[in-house]
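**Q** So the protein sequences, as listed, match chains A and B. The first sequence runs contiguously to residue 319 in the numbering used here. The second sequence runs contiguously to residue 319 in the numbering used here.
The set of hints was computed from the structure by calculation and includes no laboratory data. As the structure is a prediction and not an experimental result, all values here were calculated from the model. Don't be surprised by glycine CBs; every beta carbon is placed ideally from N, CA and C. Do not take every clue at face value.
In silico lysine to aspartate or glutamate, DMTMM-like type, Cα no more than 20 Å apart, as pairs [as the list claims (entries may be wrong)]:
#, chain 1, residue 1, chain 2, residue 2
1, A, Lys90, B, Asp104
2, A, Lys90, B, Asp97
3, B, Lys90, A, Asp35
4, B, Lys90, A, Asp97
Some chain A residues well away from chain B (every beta-carbon gap over 12 Å; in silico) [what the hints assert, rightly or not]:
#, residue
5, Val96
6, Gly125
7, Ser247
8, Ser267
9, Arg287
Number of protein chains: 2
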Amino acid sequence: MHVLITGAAGMLGRKLTRRLVDVGTLRGSPIDRIDLIDIVETPIENSTCFTHVTDICGPGVATELLRPVPDVIFHLAGVVSGEAEADFDKGMAVNVDGTRALFDALRFAEGSPRVVFTSSIAVFGAPFPDPIPDDFHLTPLTSYGMEKMVAEALLADYTRRGVFDGVGIRLPTISVRPGTPNAAASGFFSGIIREPLVGAQAVLPVSRNVRHSHASPRSAVGYMVHAAELDSAALGSRRNLTMPGVSVTVGEQIDALARVAGPDAASLIVEAPDPVIADIVGGWPERFDTQRALDLGFTPDESYDAIIRAYLEDDVAPS
Amino acid sequence: MHVLITGAAGMLGRKLTRRLVDVGTLRGSPIDRIDLIDIVETPIENSTCFTHVTDICGPGVATELLRPVPDVIFHLAGVVSGEAEADFDKGMAVNVDGTRALFDALRFAEGSPRVVFTSSIAVFGAPFPDPIPDDFHLTPLTSYGMEKMVAEALLADYTRRGVFDGVGIRLPTISVRPGTPNAAASGFFSGIIREPLVGAQAVLPVSRNVRHSHASPRSAVGYMVHAAELDSAALGSRRNLTMPGVSVTVGEQIDALARVAGPDAASLIVEAPDPVIADIVGGWPERFDTQRALDLGFTPDESYDAIIRAYLEDDVAPS
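Chain A extracted, bound-state conformation (with noise of 0.2 Å):
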């Protein structure tokens, strides 16, 4: 089994590389060689895993990447969704271009590998139905959206064509993020979880009635874990699967830390409304119909619960 990961120095693309070292196996052969692109260096878990530091956006590289093509190939590569909108060349260049060249070095290649490639709720825009079917239509309200509405249907339509066989899944919001804040209007859903666990303050921007759907990393990479394995048939045409998620309030999420980690974490969290981010925030998705994935065997986290406790054991204090 040979699996090549491109973005795979970021922290889902680290987490996924982790859980393939740990397990071995993947669509039940020995995983022999693991390939590792990113424009930065990755870190390497075991002497499986090889190292390229390159863009598959450059003249000629994706090709030389599939020499020979790999068993899987998890595409995980792009430009987040602020650094989209404020460079639409950047964002084209990379969440298009680059996907669409290496799509197209596979029409050009041996064999039809599996393609897992990570799509994202931004597919979806304003104004929704309660909750959101497996057939809604996509209209991003954002460039990061758009790029991953148009890398849906190039993987579909090449998929069709027998180029590759490939299953893009759409992610909810990752919670909890480990690491320090960030600068994206979505942080403080983290924030709001990881600050007060070591014992920090941390601002909540908008109201407790905000309701968002929320995945641990340690589902998401388990949704791309399944991803790889799942019989592809069973998908048919619709190659594009939105990804289950745990739909709360932020309340909620606050009452779920209190449980966990006790009031006195709960009492860290600070409200300072932010219309700016409110605003941002209420174009957003709050709940997603997943009857598809959840048949096609994709496993959802338990509960906003069980989101704080896979974090605490995966990121806080790993084994």
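Given chain A's structure and the hints, the job is docking chain B onto it.
**A** Using the frame of chain A, we list chain B on its own:
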């Protein structure tokens, strides 16, 4: 009022040009210039028309054509369905990269024109609810449909970013299509009307129970002009619209032919079932609920009888 039309030499481009020349105004202003762009020579209607034989995909071509930026651009240029399926690179080059070249040229030009883009119901793919609602997801089953979906996504995002003021209209099957029979799988929808009207036999390769949505060329041109004139604020951020059609079975088409042209015409239709064509057509949409377009003032043909009469008036014996 300065208008630019790409794909101007095509059937709809020529009919649109004639309509604009006949009416003489657009958005309440006299039309003083119409630039007609195509890879072949476009016939000129009058002295306001200027023909340009060029390929908007070529380097710098779109930029050159936008000096000065027109008030309204009708972007009709495209590789058709069958060709886009057979020659993937050509379809992508024209339908995706050509569209992007035009849109990108507008990023660096003065002004923010109305851009009317002709998309297609090929963005939809079976299985379908009946009728297909305005918020149904796009899961094209052809490369042509995928390319139109990508162009729609670009149009909406460039509009959101203020590059231009875009309206995408998804045309149903155009019938009665003037001219000679062609190899398109949908060709019989027009052929079974057009050929008997001149006393010729026409082959019907599918069951009379097959249902399909139709718009006359006259209505399609009406949709384009309305898309150029409507108040785009009413569209909000959802810039792509399914156009209304007349949804009838093949049997109802033939009944209409008998009413308009007599039973002798209808008797010229020869049933010759073709399982390959039946299979292709079986994956096509039958009926749409196009409430958004109707609310926005797009006016469909009144009936299939009216579609046949429009063909007789516009193409068989034009005044």
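**Q** Each hint should be assessed against the structure and marked as holding or not.
**A** Each hint tested on the structure:
no.: 1; hint: Lys90/A <-> Asp104/B; verdict: holds, 14 Å
no.: 2; hint: Lys90/A <-> Asp97/B; verdict: holds, 17 Å
no.: 3; hint: Lys90/B <-> Asp35/A; verdict: violated, 33 Å
no.: 4; hint: Lys90/B <-> Asp97/A; verdict: holds, 17 Å
no.: 5; hint: Val96; verdict: violated, 9 Å
no.: 6; hint: Gly125; verdict: violated, 6 Å
no.: 7; hint: Ser247; verdict: holds, 20 Å
no.: 8; hint: Ser267; verdict: holds, 40 Å
no.: 9; hint: Arg287; verdict: holds, 16 Å
The structure does not agree with the numbered hints 3, 5, 6 stated previously, though it agrees with the rest.
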